[in-house]
Amino acid sequence: MVSSATERCASSEQAQFFSYGEAANPIRNGLTELVPYRSFSPAFFQEPGSEVLPLDLSESLGCAGPATGPSLCANFIRLDQGELRTSAVATSQLFFVAKGQGETTACGQRFAWTKGDMLVLPAGGDAIHTSADKAAIYWVHDAPLLRHLGVEPSQARFEPTFYSHQDSEQRLAEIAKSASGAKANRVSVLLGNSAFPQSRTVSQTLWAMLGILPANQEQMPHRHQSIALDFAVACEPGCYTLIGTELNDQGRIINPHREDWAPGAAFVTPPGYWHSHHNESGADAYVLPIQDAGLHTYLRTLDIRFSG
0 MVSSATERCA SSEQAQFFSY GEAANPIRNG LTELVPYRSF SPAFFQEPGS EVLPLDLSES
60 LGCAGPATGP SLCANFIRLD QGELRTSAVA TSQLFFVAKG QGETTACGQR FAWTKGDMLV
120 LPAGGDAIHT SADKAAIYWV HDAPLLRHLG VEPSQARFEP TFYSHQDSEQ RLAEIAKSAS
180 GAKANRVSVL LGNSAFPQSR TVSQTLWAML GILPANQEQM PHRHQSIALD FAVACEPGCY
240 TLIGTELNDQ GRIINPHRED WAPGAAFVTP PGYWHSHHNE SGADAYVLPI QDAGLHTYLR
300 TLDIRFSG
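In terms of numbering that gives the first Met the number 0, the sequence shown is residues 0 to 307.
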């Protein structure tokens, strides 16, 4: 029965009404939790047995877990002379081999890998990983984003894609030796996929960048709206990242939080925060930031900025 114009229909029980100031900035009002600083020790990789360790910050984020950020979940995978299955309700999964050699079977294909290789799987990419010895893998996927949206992927947007360490390292060396590379604040190779020509990223949500931090150099602050789940690929003591929200007149971070690198460790760089990388070790270092920048690039919200 259609109500007349004079009848009053009550709002639904879930309906709420706020002034602009009450709801326009939920982070300022303490309703939405900030992405926390956090680092994760590589000690897990030294323990016996095959296992997956989600780097879970969902309690701090106030969301369902496991989640390392609002849209991404990072994991450590330890293989110890055996087989291990991984599965995620995700559109994109990235596996970076930090140590060892073995193979992964997924999407009807088999991929042999060794240290430094990377494999990116689409939706439906349940995987079986095997290693005859010990191996360590860094695994990042976008299941938290889909969980928040209340959806499951219905199609694979790209083919399983393998990136050999020989090719990525060769391209990185070429960039480092180029005239533009010598002047760049970030000397790095961005890994892309031909399925995403607009964003030039490894998937529609994920960005992956292998960067070199030369000995006795620093990379001045920059920021972006994507979260960065950084993995220290190789480094000596004396490598670290400074993170903060504001810069002084000299383009330096005010009252920074310091994250010291260790080989095989991971740490979180919150979105929108300035961060600079420093190498006081005397040896070149390498870092792999995994970000939700594929999504932000498509939304036109990445907003990368450099100090100065």
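It should be emphasised that the hints constitute simulated quantities derived from the structure, not laboratory data. Treat the hints with caution; some may be incorrect.
[To be verified] The calculated lysine to aspartate or glutamate pairs, modelled on EDC-like cross-linking and capped at a C-alpha distance of 20 Å, are:
no.	residue 1	residue 2
1	K133	E158
2	K98	E6
3	K176	E217
4	K98	D283
5	K98	E82
6	K176	D166
7	K114	D283
8	K114	E168
9	K133	E102
10	K182	E217
**Report entry** K98 paired with E82 [C-alpha distance capped at 20 Å]
**Finding:** 16 Å, holds
Query - 20 Å Cα cutoff - pair K114, D283 - result: 18 Å, holds
Query raised in the report: Given the hint that K98 pairs with E6, does the C-alpha gap stay at or below 20 Å?
Result: 70 Å, violated
Query - Restraint check for K133 with E102, where alpha carbons must lie at most 20 Å apart - result: Roughly 12 Å between the alpha carbons, so the hint for K133 and E102 holds.
Query raised in the report: Is K176 within 20 Å of E217, Cα to Cα?
Result: 17 Å, holds
Query raised in the report: Given the proposed pairing of K182 with E217, does the C-alpha separation stay at or below 20 Å?
Result: Distance of about 13 Å is within 20 Å: holds.
Query raised in the report: Within a Cα-Cα threshold of 20 Å, do K176 and D166 meet the stated pairing?
Result: Holds, because 16 Å separates the two Cα atoms, which is no more than 20 Å.
Query raised in the report: Under the criterion that the straight-line Cα-Cα distance not exceed 20 Å, is the pair K98, D283 satisfied?
Result: 18 Å, holds
Report task. Mind checking the alpha carbons of K114 and E168 for me, to see if they're no more than 20 Å apart? Result -> With a Cα-Cα distance of about 12 Å, the restraint between K114 and E168 holds, given a limit of 20 Å.
Requested in this report: Sort out whether E158 lies within 20 Å of K133, counting only the CA atoms.
Outcome: 28 Å, violated
Figure legend: structure checked against the earlier numbered hints; hints not met, in rising order: 1 and 2.
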